[in-house]
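Asks: Each chain, letter by letter, is given below.
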Amino acid sequence: MKSTLTKIAVGEAVGIVAAQSIGEPGTQMTMRTFHYAGVAEQVPTGLPRLIELVDVRKEPKKPLMDIYLKGAAKDDEKKAQAIATDIESVTLIRLGEVTEDFAQKKIVIELDADELAHLKVDLDEVRKKIKTTVGGEIETEGTVLRVKPKVNSLRMLRRLTNRIKSLPIRGVERIRRCVVLKGKEGYFIRTAGSNISGIMKVEGVDPTRVYTNDVKEVEKMLGIEAARNAMVHEIKQVLDMQGLNVDVRHIMLLADAMTMNGQIKSIGRHGLSGQKAGVLARAAFEETVKHLVNAAIQAEEDRLIGVTENIIVGQTVPLGTGLVKLKMKI
Amino acid sequence: MAITVSKTIDRIRFSLFSPEMIRKLSAVKITVPDTYNDDSYPIDGGLVDPRMGVIDPGLKCKTCGGKLRSCPGHFAHIELVRPVIHPEFAKVIYLVLKSTCSHCHRLHIMSEKQRAELVAAFEAEAEAAPAAPLTKSLVEEGAAAAAIAAVASADRAAERSTKKVKRPTTCPRCKHKLPEIKLLKPTTFYKDKDVMLPTEVREWLTAVPDEDIRALGLDSTYSRPEWMVLTCLLVPPVSVRPSITLETGDRSEDDLTHKLVDIMRINQRLEANINAGAPQLIIEDLWELVQYHITTYFNNETANIPAARHRSGRPLKTLSQRLKGKEGRFRYNLSGKRVNFSARTVISPDPMISIDEVGVPMAIAEEMTMPVAVTSWNMEYVKQFITTDTYPHAEYVLRPDGKRVRVTETTRQEILDTLSVGSIIERQLMDGDTVLFNRQPSLHRISIMCHTVRVLPGRTLRLNPIVCAPYNADFDGDEMNLHAIQAEEARVEAEMLMKVHDQIISPRHGHAIIKPQEDYVSGAFFLTRSETEFDKAEACNLLAIIGVTKLPSPDRRDKWSGKLLFSALLPSELNLSTKSKFTRKLPDGSDHPDNTIVIKNGVLVSGALDNRCMDEVLERVIQLKGTMAGRTFLDSSGRLSLAVITRQGFSVSLANYSLPPDALKYIDSLQDKMRREIESVITQFKNKTLVRLPGRSLSETLEDRIMSITSRTRDESGSTVEKYMGTDNTSIIMARIGARGSILNAIQMASMVGQQAVRSKRPSRGYRNRVLPHFPRKDKSAAARGFVFSSFRKGLKATEFFLHSTGGRESLVNTAIRTARSGYMQRRLINALQDMVVTSDMSVRDSRQAIVEFIYGGDGADPMKANYKEEALDSSGPRDELDV
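Line order of the protein sequences matches chains A and B.
Start counting the first sequence at 1; every next residue gets the next number (our numbering).
Start counting the second sequence at 1001; every next residue gets the next number (our numbering).
Since the hints were made in silico from the structure, they are not lab data.
A hint or two may mislead.
[As the list claims (entries may be wrong)] Stretch by stretch, here's where chain A covers chain B in the computed footprint (C-beta under 8 Å, at least three residues): (1) 1086–1098; (2) 1242–1255; (3) 1334–1346; (4) 1391–1398; (5) 1495–1509; (6) 1628–1640; (7) 1828–1836.
[To be verified] List of simulated lysine-lysine pairs, BS3-like, C-alpha gap at most 27 Å: (8) 61(A) with 236(A); (9) 327(A) with 1007(B); (10) 1007(B) with 265(A); (11) 1317(B) with 120(A); (12) 1317(B) with 290(A).
Note that the structure is a prediction, hence the values are computed from the model and not measured.
Cβ coordinates follow ideal geometry from the N, Cα and C atoms, glycine included.
In isolation and in its complexed conformation, chain B is listed as follows (with noise of 0.2 Å):
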């Protein structure tokens, strides 16, 4: 492989180009404000001269001879006839204007003495911390007053006696009159209400001496203030703007392109006009021009300056919009890479893959290729790869000398008779392969994780459902990427960090994110009940499905219990004892044995589990044997849970939800119960008898009033909906078991939906005095402010389900604002802490290495970890990734 010579960067100073500066990075004086002549060739001289650089393939470089890939590209300059401020720096220009004397130059507030004083504690800040803010303030306050202010920044107390500090009439120094600067944003300056030319500005500004720049929090050496006064501009190279053309054959130029066009043509005249001699006034209108030009240029949002446009009327975007925001060079182009080896389709499920694995379509496995490098050890298996066509072959080979080699028909022979070791080839897909498997928006780190590829025929990729709450992902038409590790370092980082089984339990609260959710808890809950047991064929099919190859003895005379079989997962080292959180009772009144679990030397004793059981099992069952032993545990138990609910078949029907007569007509009572409650209410708030809450209003504490009554009226009849519905409808089953749903939507469907709320009230507004034309003005009853008498399964009345898609509409809205504005706040949260690190002392630090904890989180205990159970860590399974 050839040898690559690496630099790293160390450092980057920004500072300003003085004109001299400019003029020796330029290569070319630009001299026409043209581009391509007639016959579409560069103009010598134009903004698109070729010693710029080239942007047509074919064209050499004039001034390195590079091609349209190895030429950087050039900078060129315009020489401006009349300087003509930087507006960017117009800000800082007003600083030291107004802090200088127009007469003698020098900074007049202050004695010897102080500005001593004051350059060395801008020396002392820059060797502290780098990023001394020279804010607003500096600007606003009186100049200097304000710059001895951002000094002293920490010492608050000095800040307020500094600001105090008033610009004198004269100057100390030379007792000249100072006069009134005055800045008319962006560009214009006045002295003593007398335009001052940028001429006069730039002067005046080379005349202050450089002790007084640096006590102005300046740098002398690589800013100096008069260069904020242009006389030369700095023309990017045309890679930076290159024009596009168009099927017609038509050119267009880039923004930038246009702008400069703008600015020399003007400059151009202008210079003609000084040379004619033409009045001061005309002169002075042209030189304005330039100065539009320019300042757009740099910014075409500038405030108080109109946006100069396109032709089409949009406005050109120029320097400043193509650095900002996130469309901006810096958040897309700088801080996001693109990459290659990836690939992105629509995702399905796959329980019978491991949570480690993915599936992927072939149409990507033989797109996308992995590295595998030549040793002497594997010549022949690579070979294999080479001598082929079909599925996993080989599509490059990259040689020690770094030539990249195709492998087709003619090139197959050639190949493999010099393939050596320090070769690598590039072969297809397969299986085994370490790959990265990611979900946006990407917003935690399990968004992306290393799952292993196994190529299954179909055209989506496939993951195992258990694994979609890490990525938030379902599979209604959801999409992911993938990407193929090429690095070996990559990808045993990958593997060793980022691995699906290493991430089961969350960094967030110690507990598994990545545990057995919905049929995957209804099917361990049926399994491990007391009344499933299973014949010999089934119990063997079961075991056989987890990879149990011993058939226990069975321990219900010639039957085997789901318990036994649920055991045979469980670690030996293993108990646990819970209540279930779902409950039954015997026939006879007590307890049924299976509310409480217990788990006794890795045997489910007693108890069905609910999810909470399982989470807490798998939790376990890491701390004791390690998140590969999770991993197992995730993929056996899935599997067993779903043999058992697909055997025995799991549904709802509406009949789950069709309460007896006499259960309706409880429901009917209670509303009638609630109806007169209200009523009583509404007329004691009539009377002025309702009692007020204590700090509310009388109208308010009815509103309080009829919403607690409408909240218990439905909560009493979730009762009923419980006790007619049973322990055995599959609503409630999966409600209790925490599988899916809630008793809340069993009542909703069952026996009434409840009241609707806008902005957590009853909905008020809409027609006068009433909500809607159906019904009373003033009418405060349930019915006449949202209250839902119908269940979902009888159905709405049409005022109900009105009400009811009002209360819907609110929640949409709130979800579609919430999500814009924690994304937000993520954003500024991870920007604020990405530098936090933990440290080799076990302090936090940031990137200053300032010191934010002592040690982390108080004990210096990693939060994946710290929910581990003593006994967990004394327990002497193999837990690899405890080693310290």
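So here's chain A without its partners, still in its complex pose (with noise of 0.2 Å):
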């Protein structure tokens, strides 16, 4: 009974109900960042992070995971914390200083005792990393490395110098930074930054709920569906915190406008509506004289078949009453 009584309206206008609907609220989102508990501070979130969410950008200003644990680590908070010990990367740099030595062409590396201990990391295992991604020869004095790098100019010292303060000692690339909180099912880790192929290889993450707010990062990993649904989700979540309420059929309409064809298009110039079928329409959004000159050289065709393009010529749109026609032999 409801079912029936409550169907949509063939021939209604849902992509423009469902822009607007998405669109007229933006107004009275704030511009505010939000700070999420420990990890990174200002995530964009209201009307900035709903544009950065239809741009598709590559990735989001401030990339977040939260990752939930199994097995024991789920319920000890210690060994939760160093689950994300473990993840997060180190790289030699908050291992101690590195300065170099230009009189030598050499690159010391003063690496701090405390937090050799307090990170776990083995000054070997240093030594090693820095023999295969540099090479040259090592002296090692303490905890003080001294790099003696096959290079002529200084330039190429600097070079090495910055590459060697990067270099990844250990945790998983681009996690930044992790905080252990407590869930409604346990502890779960929040990071700054997001790589879920690194993060599901992990042992005692749970990999079947990794979650991130990267959509393009999804889309790559887990496939068109996974990264429908979760702009679906991010979307949501941002119109939640405002206070908005908006249907979600708006949403996953937008959402699946967007995944369509098997590959996240944004929505602007450079995707959907770069890519609509009419000439016309594509002229009167943006990149008019573009869109005219490809036109004329590959001779295209403009069938009128969209809203801009019968608007434009002042005939009726195909949507709503404008859908149906009348068909009879003359």
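Combine both chains into one complex, guided by the hints.
Replies: What follows is the structure, given as structure tokens:
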């Protein structure tokens, strides 16, 4: 009974309604950034985040992950913390100071013994890593390493120094900071920076429940259906946080449109709008001249199948009552 | 009525004009680089030759004989003595030159087989998606390689492998060494460091065979590459570039005409020089000048080219500029349509008209007209409008032969005598006419709704304040637009789809958007709380307001409770029970019965209504009885609420925000406590004994701690405020029942304004190590960092005022930025989704008929109706809008 009476009407311009339902509250949204306990501060929320999502940026401004644990670590803060320490990527610069000895063309690495112990990093491990990436000879003197690389110019030396500084020693790449938090189902780890494939391989992590706010990464790692769901989830979260009530169907339509051909496409001239069927529709949106020129050289035909095209030529639009046609034989 | 034969446009093809085509199309060959002669008469063969059409009233077009309105204008042409590169196509020319051999002019990187495949692929692609974008990469990457890439764009793996294809050094076909082709933007080509003249480019392009052109993704029949090197320039008719006559009588030509004069002048000079056998150098200089003029004629914002300027120094607006951007042809004139039969003026509220009415001032009603078809049934009715000159009269009569006759003293009798069925009269706007009402910005579809006209005195358009919400209107000077619907089909559509009562439920979330607010909520609250009761006279008056003529028997001996009167609005099927947002205690400490709202079989048994409950009732009424019942409920409950609140009186004053001395003392003690706490964390910070919060630095931790202390203090003072202000304080009542304002507003006025923030942090910039010179350096205390101890009632100290306005400015700036950004986002969203439509198999498809969703929303439910309660759908009430 309910399902038949509440059916959507055929011809309803659901796209426009969805766009308006998501766009109209935009004016009411705040521009504030949100502070996620501990990890990255100032994660964009509200309008900037929504724009970021529909733009499908390569990486969000502040990528985040929630990593759920399995086994004992779920209820044991110490064990959870241990996993968090394991995950957090440590670059060499965090372990001590790196300076150049220009006179002898050496790179001096003074490691902090306390940090080494705290982060449970083995000195030999560090040496091995340097050896494989930089090469050359390494003198060891306590916790001070002197690297004599095979370089001629000082510029090359500086370049190598920078490489050494950002040399990943341990942890999962791109995971900048970890915080252990208590959720409804025990402890979980929230990280700044996102790396699904890296995290899923970590022991003790529940690979089925890894969450990231990076939709593009979800697409790459888990596929288009997952990306569609992630997009719905992220947009919904932005709107919910602002206390704006928007029916999920609108958000789903947006996400479905963005992912309809198996590849996530942005809203705007480089995505959906730039690939529309009609020349006139594209020209009326942005980059008018470019679209007209391309249409001319390819002898493109505009079949007037969209809304904009028909408005331009002054005909009824193929939506709603304009969709209904009378067919008869003359 | 005249039978009109209308044709629909099925498709539009874009292509290039060949020189032959231009000559065929042309009505005149332009030969004189000038416009008017000394007698201000158009020069024959000049740029405003009358054969191109006329722009002056009274003159006749020499080509078609039409007058100003009837002549569409005719194109002309200029024969260029030397060919010139079309600047917009330079990139494409570059692509063709780069991909073909300079000697045999064949595509050089592919075997016969490969090319055949490519052509086939292109044709298949064109079939599938007409808009295969020939992108930048085409030109940037080794030409043909990327052409293949474009074809294989679906298959990204293939794209990667083909991009590696290198451009050969010798032509595989004729073994000729391939020159390096370079394009110096915008229009200069180099072949191995030698400049290629457009003549050479053109010859080369002409020699490339059709099949190779197709392989490159161009269309060989509609756009041969050599047509991109102009030998013949199409000149648009004068109607495209009309001149304007200044008051002084001087003519001022359009920018395009100026540009065309330039082109003609240099072109003629070039011709003269060639004929005179001038040195090659001079010829090439002039040639380049023609190129410059033509480049700027097409696009005056070409990169690396100085813009052509008007005498005044203003850059000329040439062809590209006319099309581009918000004020360009596409967005301003083609996508944006102008209308007649519209009115606009300031709006003002009128709670006594229905929500789907609009009050129209007489001045507007007299000016606007509505068409009325003359039939055999309304002949006498229609004649009334023609006979009179007083208010509702006919302005025009459209006779069946299509002639439009103005009704005047002299024509009146003749019109009356000859009036026949099939005529249409245009009479002034009257009560009951259907109009569209709109307020910009039109952010959602309910920014335009259908109203019924009520002609009223005054000079403003009036609307019921309940419909302010969807329009986002207020009455501080807002203006709105009114459109009188002219076509019968349009009127019916508007009435069936756009009527205000059909928009009470928003498609955004399925809940009411047109709903009681502010005083309507307060009124309903006062009406329905237990204390309210009326004697017979009052009860009769109130019931009369909502149109109830039968007085129910009194429920409180000889008095009628407010609840009973309110129940008169409710349908008998309505059952509801929720908690009220406004809770009170009885003197004995138990809960007041009004705290729970119970509606049983359409009778409000207990509870004082708050805004949430009003919404719920409204939504349920609509679900049970349909949207018309919803409209009636809004109209009646609105009038009733306002009657109650007007009779009893309702206001706020300074007294609402005055606290007794002991309350103030308590607030002082709270603030002292806060100072001490802040001091203590600052000391901890200085001693480095402060415990770091996870993932935060020590100073960040300090700020976090202080921020939480300050906000806690204000909230604590809030409970005191509420306690002392009590439940009779109008400000608190409004906040609690959701009518207007919040408890925070009351706190800020009565106890303290609280922490000011800049970029969600305490203010920290200003002078060296301090925000204002009134504080010691490095002072991190509350006052020095924007905590406002005073209340708005008491007044702010100078430093507090300053920091408060700092925070205030930030929010102003943010609002300004936000509107711009969200506006653009919405434009993009609409543009991307506008073609999505539910098709008859319930799937959602775009304009290509590609399926976006197999069933809309996963369940095919309408968001407007998705919240309908099961029992509402089972009930037997009339639900017109639900009938499928």
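Asks: Failing hints, ascending?
Replies: 2, 4, 6, 10, 11
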